[in-house]
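Dock chain L against the given chain B, drawing on the hints supplied.
From first to last, the protein sequence lines stand for chains B and L. Under full-length UniProt numbering, the residues of the first sequence are numbered 1 to 296, in order. Under full-length UniProt numbering, the residues of the second sequence are numbered 1 to 430, in order.
In short, the hints are calculated from the structure, not lab data. The structure displayed is predicted, hence computed values, not measured ones. Treat the hints loosely; a few may be bogus.
[What the hints assert, rightly or not] Below 25 angstroms or equal to it, Euclidean Cα-Cα: the simulated DMTMM-like pairs (lysine to aspartate or glutamate) are:
#1 L/362 to L/38
#2 L/312 to B/47
#3 L/100 to B/47
#4 B/70 to L/38
#5 L/212 to B/58
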Amino acid sequence: MTKAYRASAGIMLAPAVTLIGVFILLPMLLTVWLSFQDWSTQTPFAEASFIGLDNFREIFGSASVGRDFKGALLNTALYTALSVVLILPLSVAFGLMVYQRDVAGGTALRTVLFSTYMVPMIAVALVWSKLYSPSEGPLNQMLGLIGIGPQPWLSSPRSALVSIVFLNVWQQVGYFTVLAVAGLTQIPGSLYEAAKLDGASRREQFRFITLPLLRRTLLFSAVIAIINAVQVFEPVALITQGGPVGSTNVLTFHIRRVGIERAQGGLGSAMAVMLMLSLVVVVCALFALANRKDDE
Amino acid sequence: MSLTWISKLALAAGLAVMPVTGWAQSVTISYLTHWSPETVALLEAAAKDFSKTNPDVAVTVRAVPFGDLLTTLRSQGGGSDGPTIGGIYDLWLPELARDKLVAPAPEAVAGEVKGAWPAGVVSGASVGGTLYGIPNEIDVYALNYNKALFKQAGIAAPPKTWDEFKDAAKKLTNKDAGQQGFGMINSWAAGVVHPFASLLVSNGGELVKDGKPVLDSPQAGETFQLYEDLIKSGASDPAMATADANTTGPFLDNFVSGKTGMIIMANWWESALKTGMGDRFADIATAPIPVGPSGDKPHSISYSWMTVVNAKAGEAEQKAAWEFLAWLNSPKSGKNGASAMSDILMSMGILPSRGSDIEAHKDKLGSQFLSGYVSVLADAKPFPVVPGGQEFSESLQQTLEALQYRQVSAKDAQANAQADAVSILERAAK
Chain B
1 MTKAYRASAG IMLAPAVTLI GVFILLPMLL TVWLSFQDWS TQTPFAEASF
51 IGLDNFREIF GSASVGRDFK GALLNTALYT ALSVVLILPL SVAFGLMVYQ
101 RDVAGGTALR TVLFSTYMVP MIAVALVWSK LYSPSEGPLN QMLGLIGIGP
151 QPWLSSPRSA LVSIVFLNVW QQVGYFTVLA VAGLTQIPGS LYEAAKLDGA
201 SRREQFRFIT LPLLRRTLLF SAVIAIINAV QVFEPVALIT QGGPVGSTNV
251 LTFHIRRVGI ERAQGGLGSA MAVMLMLSLV VVVCALFALA NRKDDE
Chain L
1 MSLTWISKLA LAAGLAVMPV TGWAQSVTIS YLTHWSPETV ALLEAAAKDF
51 SKTNPDVAVT VRAVPFGDLL TTLRSQGGGS DGPTIGGIYD LWLPELARDK
101 LVAPAPEAVA GEVKGAWPAG VVSGASVGGT LYGIPNEIDV YALNYNKALF
151 KQAGIAAPPK TWDEFKDAAK KLTNKDAGQQ GFGMINSWAA GVVHPFASLL
201 VSNGGELVKD GKPVLDSPQA GETFQLYEDL IKSGASDPAM ATADANTTGP
251 FLDNFVSGKT GMIIMANWWE SALKTGMGDR FADIATAPIP VGPSGDKPHS
301 ISYSWMTVVN AKAGEAEQKA AWEFLAWLNS PKSGKNGASA MSDILMSMGI
351 LPSRGSDIEA HKDKLGSQFL SGYVSVLADA KPFPVVPGGQ EFSESLQQTL
401 EALQYRQVSA KDAQANAQAD AVSILERAAK
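If we strip away everything but chain B, and leave its shape as in the complex, we get (with noise of 0.2 angstroms):
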């Protein structure tokens, strides 16, 4: 009986674990024998020759190729924190305003919210450059209204890679509010009344009752904000270009600058294992310090 049910589980599990297996673990496996490989992408794989720790070396080294690698890692765990930080308070906010149902205008402030989600980050990248340009933009012309000093922006590599989280905030707070919006709909009333009852305040509701209940879901939704902040793209392959002086230089853009365009196959592979690598110790990280909270 037993082997039969383990039969049959075995051929049930079979298609998605195939699937798994050659489109997600496969490629993975792929990139890390690669990284220790000296390999054009141009050439086929059997054309690699194996070179051991050499890629790794050379990214960790003091020669151009390393330093240019480490202020990506840099600038992208400098994005990465900064959007996180940004986002999460800002989607509870937002959350708790349109979840409220006597605050006037709630569903039209979830749309307009949600709506900059939605919009391609062509067009988003494309508005942004604009408002972002130091002689005509419309950012500095507002500042100069009430006496602020144009701003470099993008100009600069002190403000350009923040101006980019600017943009990234603005575009993806909308779907961690709605995230925040799920979250808060799991808190049962019965415990706002009960808190009410015993003299608590907005404050205190807010934060002996609000916070820890949405823990799990601030869990998830930094979770995804860590991996969308890893993978910006688009942004800096369209606007900045990763400049100016490489402060927006982020490990995406510089791999597929890299591995495709430089076709030095080898050296991304081994950029994007480190990538990975950090990106599965942040958010081990994160969970082991979830669940230290949850057994307190």
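Here is chain L on its own, set in the frame of chain B:
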């Protein structure tokens, strides 16, 4: 076998052969370029003319931004369904040929090109003596300046030496009006490196000599120092220098709107200036690159573009592609003895490189804007076409941008640029 059976078999054989014959006669080839929609329309019109005499060949045109051109060629050119023809920058050719992505030109085409184009341009389209593409445009850098701003600043003539250049840049700078004397470019490899290289060769230096980088020369040191001086004096503002993936952006906006007095740029941006400036385009003039303290006379950097054929495309597609390109670049396809390609290039202010095209467009090449470029062509030095050239260019771009934003001194920039170039070119030569 009865007559009925014979006729049935003949019908079946005829039906089986018909589509094959049909496919063999009809060929569709695709042309990948980075040109604007207006220019693409001109190319499509030329392709239609070609199809009139070659009804079995259909040419489709696809355009991508300049920043995506090489990636598209590399990612799609490796298969038979990729673009059949690609317009490429000569710096990319050695690696595309090494990776067997581009096909050598057939003998007849190679013979025609070698006879009709200048030898230097032919060598830029060849690797190891084999011709891979039909050259079309040649681009050269010169100093563009705004005559109206010069007049306001009391400057009578464009600067001839670096001292005059620095002096003019200072006089043209007006921070209160958001005006800079000399416009640099950043966030675009060629836009950063070519003006620097033009100043370097005008100072008697070179980027690469005998396949080895020579950025550690005293002439290069003086050129890095010139950049530092311009930035430190405030005569050049890097925040006004940004470019985007379409090689437009604030650097162009600032020159067009009269916020930049001088800039070193190539002839091809004539159409962008005309579009942006309208009647004020008459204020823009061209002059040779100012000569540095170690230079003998004005020099400049030149580079060329060519059309190549996908080596992985089918035999029929490759044959049709070479026939189309030979026609497009021949004096038969355009007006008054010019090639259709040169007519398209001239619509953008780009200099054609075929001898007969230069002759056919003599009048337009004598315009106030373009004549300045034509005059410096003879003393221009080709940008070094070496394996790893694109990576070398991008690395030098990073160093120059760091210098623009005062993250490194001129001395450190020179040392970094040379060390990076040595490591990149050595690795690429392996």
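Here is how each hint holds up against the structure:
Distance hint between residue 362 of chain L and residue 38 of chain L is fulfilled; the C-alpha atoms sit about 23 angstroms from each other, no more than 25 angstroms. Distance check on the hinted pair: residue 312 of chain L and residue 47 of chain B sit about 18 angstroms apart at the alpha-carbon level, within 25 angstroms; holds. A threshold of 25 angstroms between alpha carbons decides the hint, and for residue 100 of chain L with residue 47 of chain B the separation of about 14 angstroms falls inside it, so the pair holds. Between residue 70 of chain B and residue 38 of chain L the alpha-carbon distance is near 41 angstroms, which puts this suggested pair outside the 25 angstroms criterion.
Simply put, residue 212 of chain L and residue 58 of chain B have alpha-carbon atoms about 21 angstroms apart, close enough for the 25 angstroms limit, and the pair holds.
This entry does not satisfy hint 4, going by the numbered hints stated previously; all others are met.
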